[in-house]
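When you get a sec, could you build the whole thing from the sequences and use the hints?
Start counting the sequence shown at 1; every next residue gets the next number (this note's numbering).
Possibly wrong hints are sitting among the right ones.
Within a straight-line C-alpha distance of at most 20 angstroms, the following computed EDC-like cross-link-like pairs (lysine to aspartate or glutamate) qualify [stated by the list, open to error]: (1) 205 with 133; (2) 155 with 196; (3) 155 with 282; (4) 103 with 113; (5) 63 with 196; (6) 22 with 44; (7) 103 with 133; (8) 151 with 260; (9) 195 with 282; (10) 162 with 255.
Here are the simulated distance ranges between beta carbons [what the hints assert, rightly or not]: (11) 51 with 271: 49 to 57 angstroms; (12) 266 with 182: 50 to 58 angstroms; (13) 143 with 44: 20 to 28 angstroms; (14) 177 with 126: 48 to 56 angstroms; (15) 135 with 263: 42 to 50 angstroms.
If you're looking for bench data, these hints aren't it; they were derived computationally from the structure.
Remember, predicted model here, so these are calculated numbers, not experimental data.
Just so it is clear, CB atoms sit at the ideal spot from N, CA and C, and this is done for glycine as well.
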Amino acid sequence: MQGEFIIKIRATYNQMTKAEKKVADYILRDPRGMLFLSITELAEACSVGETSVFRFCKTMGAKGYQEFKMMLSLSLHEGADRLEQFTGSNLSLEDSFGDLVKKVLRTNINAIEETGSLLNEDDVERTVSMIHEAERVYFFGVGASMLTAMKAMNKFMRIESKMFCIQDSHMQVMAAASMSHKDVAVLFSYSGETKDTIYVAQVAKKAGAGIICITRSAKSPLSACSDVTLLCGANEGPLQGGSTSAEISQLFLVDVIYTEYYRRFFEHCSQNNQKVSIAVSEKLY
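Right, dumping it as structure tokens:
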């Protein structure tokens with residue numbers, strides 16, 4: 001039954017604490033809009049603590065905030081409408097192939113345009129300076145964000161030799177613990193709520209490293225650890241984990257940082273790029 005989770009919230013309302021009722025009231029007013037909020041943003045909007053939001057989710061039978069959003073999303077979108085929830089492209093089962101192409105294209109263009117509008121020149125300048133001054137730069141992420149971190153490392157390795165990316169989550173923590181004030185950690189997480197990534201950020205920060213985060217939300221557990229936060233503009237629903245539009249928006253930010261870095265330190269970067277290009281060319285017929 002469509003909206004049955006909303007009915008469950010209303011049915012459970014009288015059993016909730018005062019703080020939980022504030023969360024419930026906000027969700028009942030705008031259930032679809034809530035799906036794109038981080039736990040920190042929702043807590044702030046409701047004037048409660050994050051623990052109250054988490055407690056509300058447990059009251060509703062979810063293990064945590066992300067699971068609650070998934071349950072709510074499934075309840076709000078059933079039948080043909082659910083295709084949109086998995087793709088994020090306003091698609092329906094009745095669309096022609098031409099409609100599909102246009103909608104997917106528009107979704108990805110919108111993600112890049114919004115990311116561009118969110119860019120802050122001072123933040124980019126500070127990011128470039130931090131990377132330049134660092135002895136070592138580590139790119140971190142898990143899941144789909146790990147793929148973005150690897151692509152960022154691959155791109156920067158063409159112009160700098162101090163770039164690293166570790167895939168194993170335990171080894172990421174080990175690397176973070178060995179960092180110092182001379183190093184920089186660049187962390188990718190669309191939600192800003194991935195436990196492994198937050199922990200790596202906390203360990204790296206405690207070690208004295210500079211922290212750069214690329215995420216969707218300016219107010220999230222990850223951005224709270226950050227010295228510089230760069231925002232990506234894609235709206236990824238709870239059922240769209242690892243969406244292409246989110247990855248494209250993050251890679252757009254990587255490209256902006258890379259290009260500005262190359263421009264500012266052109267002589268150094270161009271020499272390294274030439275060496276790498278010659279070496280790689282030996283691998284080609």
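(request) Compare the distance between the alpha carbons of residue 151 and residue 260 with 20 angstroms, and conclude whether the hinted pair is satisfied. (result) holds (17 angstroms)
(message) Is 50 to 58 angstroms respected by the C-beta to C-beta distance linking residue 266 and residue 182?
(response) violated (24 angstroms)
(request) Just tell me: holds or violated, for the beta carbon distance of residue 51 and residue 271 against 49 to 57 angstroms? (result) holds (53 angstroms)
(request) With a cut-off of 20 angstroms on the C-alpha distance, tell me whether residue 205 and residue 133 pass. (result) Within the cut-off at roughly 17 angstroms; holds.
(message) Next pair to validate is residue 103 with residue 133; report whether the Cα-Cα distance is within 20 angstroms.
(response) The given pair, whose Cα atoms are some 42 angstroms apart, is violated under the 20 angstroms limit.
(request) Measure nothing beyond the straight line between the CA atoms of residue 195 and residue 282; if it is 20 angstroms or shorter, mark the hint as holding. (result) violated (41 angstroms)
(message) Taking the Cβ atom of residue 135 and the Cβ atom of residue 263, is their distance within the range 42 to 50 angstroms?
(response) Cβ of residue 135 to Cβ of residue 263: about 22 angstroms, so the range 42 to 50 angstroms is violated.
(message) Next pair to validate is residue 63 with residue 196; report whether the Cα-Cα distance is within 20 angstroms.
(response) holds (17 angstroms)
(message) Does the beta carbon distance between residue 177 and residue 126 stay inside 48 to 56 angstroms, or does it fall outside?
(response) Between residue 177 and residue 126, where Cβ atoms are some 25 angstroms apart, the hint is violated.
(message) Just to be careful, I want the Cα atoms of residue 22 and residue 44 compared with a cutoff of 20 angstroms; is the pair within it?
(response) holds (11 angstroms)
(message) So if I understand the rule, the pair passes when the alpha-carbon distance is 20 angstroms or less; does residue 162 with residue 255 pass?
(response) Distance of about 18 angstroms is within 20 angstroms: holds.
(message) Check the hint pairing residue 103 with residue 113 against an upper bound of 20 angstroms on the C-alpha distance.
(response) OK: residue 103 and residue 113 at ~15 angstroms, within 20 angstroms.
The structure is inconsistent with the numbered hints 2, 7, 9, 12, 14, 15, although it conforms to all the rest.
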